[in-house]
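A.B. asks: Chain by chain, the residues run as shown.
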Amino acid sequence: MRYTIQRLLQAVPVFFATTFLIYAMVFALPGDPIVALAGDKPLSPELLHTLRERYHLNDPLLVQYGRYMLNAVQGDLGQTFTGQPVSELLQGRWAVTAQLAVTAWIFELVVGIGLGVIAGLRRGGIADTAVLAGTTFVIAVPVFVVGYTAQILLGLNLALFPTAGVDEGWPVSYLLPGMVLGSFGLAYVARLTRTSLIENVRADYVRTARAKGLRRRRVIGRHALRNSLIPVVTFLGVDFGNLMAGAIVTEGIFNLPGIGQQVFQSIQLQEGPVVVGIVTMLVMIFIVVNLLVDLLYGVLDPRIRRA
Amino acid sequence: MSRLVSLFTLSGNTPREEHVTVLTRIRGFAVLLATALAVSACGGSEPPAAGGGQPGAKEFSVALTEPDHLTPGNTSSSYSITVLQALFDLPVVIDAKGQPQMRAAESVTSEDQKVWTIKIKPGQKFHNGEPVTAESFADAWNAAAYGPNAWTNNYYFENIEGYDKLNPEAPEGSEEAPKPTVDKLSGLKVVDPNTLQVTLTGPFSQFPITLAYTGFAPMPKAAFADLAAYDIKPIGNGPFALDGTWVRNRQIKVKKFEGYAGPRPAKSGSINFKIYESRDTAYVDLRAGKVDLIQTIPPASAPEAKKLLGDRFVATPSGTMDYLGFPVFDKRFASADLRRAISMAIDRQAIVDAVFNGAFKPMSSLVAPLVPGYREGACGEACVYDVAKAKALFDKAGGFSGTMNLYFSNADPSYEQWMTAVANQLKDNLGIADIQFRKVPAADYLSTLREHKQDGPYRNNWVMDYPSPQNYLQPMWGEGNRMGWESKEFNDLIAQANSAAGMEASIPLYQQAEDVALREMPMAPLWNWQDQGGYSDKITGVQIDAYSPNLDLITVK
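Chains A and B are the protein sequences, given in the same order.
Sequential numbering of the first sequence, starting at 1, is according to this note's numbering.
Sequential numbering of the second sequence, starting at 1, is according to this note's numbering.
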């Protein structure tokens, strides 16, 4: 318990440091966002000034950041250049990204560990070779190629999944993008599980378990696998954060109105409040997930359980 | 991408500078690869299936990129305009031939091209039942012209009398402009419910045609009670009314307005504008039968789309042009002969074929072909690719020494592709040895040009607002232009044309001005864009033209 509180307290300086850093980085981007928004159209100095005032772009960095944090604490995250409140915008978008990330994560977890176990138990067999080859391929091919290929083959030509959009809701609309997004992590999970399992299967305690005459299923499931999962859990934990943050390409291909799309647009438009809002949330997710992973270690391996 | 960053803008940048990004570049490649895989795996793909979108009777769907605003005075994004054209009837409309026709207005007339009388057709209603009167127009225009509102289309009203009072300039030494003391244009006078009198600051023969721009739409009284709410649920006077509110990044639904009394009642029950982040995805959805109409098929997919869609592939000429501008203020580019020589050394057709799949049209005129008054070959030999003549003229002008920097923005990878082709041609044909690229961040590009920081030829793009030569010539070659080019002869001709007795009479004068600009060649025309769209077999009556997708004409089978 004390450990948990300690960890959460550590998050406070991390929170301020990241938000300030992000704010400063957006602030330092070249060019004037308002002028850029107007495109080739003439923009009178008065109009420019009014808009810069409206978005507080004339103030120095520290003042802008201070105002932002003050408002943020009161639940006001500012508004986008199109006048939409950031909190409202993020609400809708987080839901989409969270559903996508969860789908991808479950896919990684179930299929990844499953494949890893199959490969690890019969080292050198056909299944093992197939898993190794398949995962190498997935790791080597960029996600946008996997994405478009899956969309055209499975979505368009075979019509097994919707091609794009979120009209059909969870899980149907999220299956294909989730699989694409999770494919990369899945390859790692499968390989980690396999390697870890191969090592543990030869360990003394597994031999002991076998010698005791335990059934194979119990030896593998209860003893070997449980120990093998520690590195896998670490990876899955960190990867959940990555899935939330790394969906830019996938969301684009499958037209999912999530966080990835938004952060990409906002960086280009230099919408400081939106970028900071999103990145702060991502940082918090990383912190919480890492904490959960550390706590989970204790469950898997009592030796590292803390007081 | 217009736009990933397509996208969204208080922003006129979506139509102006296409918002295409690194992501789209990657996608272009991915689509090729994916399509190749798909085709080899399945031995050819099927044509789009029938049906699509939500069931719902007589509804069809249109792929859209997220608009920025839906208040007509506060958006110049082409995506917003697509929706607004369904929701609003403007005073005037441009027909497929580029001619102005009356729509919400009965007539737009003037004796002296300065004081205009707009007669509004009686009996029209807004979607909330309010009558459409002269006041509806005056209210909307006053709001757009009112400086503190900071609406995008503010500058469209600058030639109406009283604009200055609504947009007072900041006093010397201060950035802060004083608050205007009035909030109405003195040049707008509501004579009676159906008559609006507009007094301009000077004669302007093209005024009627500008009234076809969505910035001139009327707004009901109800709008002004809550402008923020109006922006996501606009109330218009057109054949379609908003159904629900704009669901950001998802969809905008509109349904047939039963109380519509104008000239173009909707032929379908409703339209679902489905918002896409990527044009590639929208195209896949068209093939999957999930969206019925897309207005921009990605160039990389165009050849395939042509095959798959057959008659349902539509190529529409557009008013958008690319130019190569010269920094005339830099003395190395002061010679008109040098500038003409560079223009003659560029093989426009070869670049169009290589970079744009041959879809764009090489230009020998400063205005697009669909603009009344366009003359094919107005440029003469200065826009004809001729290496020998170019080289001779180049040498006569004294050649070019030092580094030639070519300027373009990083908004789209195609800019660099065609600039590279231009550089190679200048190297080979004129012997300019040292050519460097200056790829400027998109957010910085236009201010670079505005501040005359470019010391070499640069990419200049123009999206037409209304089909008049004036819309090209005056903003780009007129006073305060980016080239630093000054010609009294040109400016005088434009002023004469603006005060000519009418549209017809103004054209020869604009053409003379164009001749001056072509003779001096401060900016060389390159090519004219084309839009490529397509639709599903579920709808008929698709008549997209350069001015409107004409969604009211579409029938659902």
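Misleading hints may appear alongside valid ones.
One-sided and incomplete, this derived list gives chain B residues near chain A with beta-carbon spacing under 7 angstroms [what the hints assert, rightly or not]:
1. Asn167
2. Pro171
3. Asn249
4. Ala354
Restraint ranges, calculated between C-beta atoms of paired labels, are given here [stated by the list, open to error]:
5. A:Gln74 to B:Asp183: 47 to 55 angstroms
6. A:Ala95 to B:Asp311: 39 to 47 angstroms
7. B:Lys453 to A:Met25: 53 to 61 angstroms
8. B:Asp192 to A:Gly75: 48 to 56 angstroms
9. B:Asp330 to A:Phe27: 30 to 38 angstroms
10. B:Gly259 to A:Pro142: 52 to 60 angstroms
11. B:Lys453 to A:Gln74: 38 to 46 angstroms
12. B:Lys165 to A:Gly75: 34 to 42 angstroms
13. A:Arg54 to B:Glu258: 47 to 55 angstroms
14. B:Gln417 to A:Ala203: 43 to 51 angstroms
These are calculated hints, taken from the structure and not from any lab test.
As the structure is a computational prediction, the values presented were derived from the model and not from experiment.
Glycine is no exception: its CB is placed at the ideal position from the N, C-alpha and C atoms.
A.B. asks: Against chain A, run the beta carbon of Asn167 (chain B) and see if the smallest gap drops under 7 angstroms.
C.D. replies: Check passed: Cβ of Asn167 (chain B) comes within 5 angstroms of chain A, closer than 7 angstroms.
A.B. asks: Per the hint of 34 to 42 angstroms, is the separation of the Cβ atoms of Lys165 (chain B) and Gly75 (chain A) within bounds?
C.D. replies: About 40 angstroms separates the Cβ atoms of Lys165 (chain B) and Gly75 (chain A), which means 34 to 42 angstroms holds.
A.B. asks: Given a hint of 30 to 38 angstroms, does the C-beta separation of Asp330 (chain B) and Phe27 (chain A) actually sit inside it?
C.D. replies: Cβ of Asp330 (chain B) to Cβ of Phe27 (chain A): about 33 angstroms, so the range 30 to 38 angstroms holds.
A.B. asks: Is 48 to 56 angstroms a correct range for the gap between the Cβ atoms of Asp192 (chain B) and Gly75 (chain A)?
C.D. replies: Given range 48 to 56 angstroms: holds, Cβ gap about 50 angstroms.
A.B. asks: Would you say the C-beta atoms of Ala95 (chain A) and Asp311 (chain B) sit inside 39 to 47 angstroms of each other?
C.D. replies: holds, 41 angstroms
A.B. asks: That 52 to 60 angstroms hint for Gly259 (chain B) and Pro142 (chain A) (C-beta), does it hold up?
C.D. replies: Holds, since Gly259 (chain B) and Pro142 (chain A) (Cβ atoms, about 53 angstroms apart) stay within the stated range.
A.B. asks: Does the hinted range 47 to 55 angstroms hold for Gln74 (chain A) and Asp183 (chain B) at CB?
C.D. replies: violated, 32 angstroms
A.B. asks: Mind checking the CB of Ala354 (chain B) against every CB in chain A and telling me if the closest is under 7 angstroms?
C.D. replies: Not OK, violated: Ala354 (chain B) not within 7 angstroms of chain A, min 24 angstroms.
A.B. asks: How about Asn249 (chain B): closest beta carbon in chain A under 7 angstroms, or not?
C.D. replies: holds, 4 angstroms
A.B. asks: Holds or violated: the 47 to 55 angstroms window for the beta-carbon distance between Arg54 (chain A) and Glu258 (chain B)?
C.D. replies: With Cβ atoms ~39 angstroms apart, the hint is violated.
A.B. asks: That 38 to 46 angstroms hint for Lys453 (chain B) and Gln74 (chain A) (C-beta), does it hold up?
C.D. replies: Cβ of Lys453 (chain B) to Cβ of Gln74 (chain A): about 42 angstroms, so the range 38 to 46 angstroms holds.
A.B. asks: Determine whether the Cβ-Cβ distance between Lys453 (chain B) and Met25 (chain A) falls within the hinted range of 53 to 61 angstroms.
C.D. replies: Violated: the Cβ-Cβ distance is about 24 angstroms, outside 53 to 61 angstroms.
Going down the numbered hints, you'll see the structure goes against 2, 4, 5, 7, 13 and 14, while the others check out.
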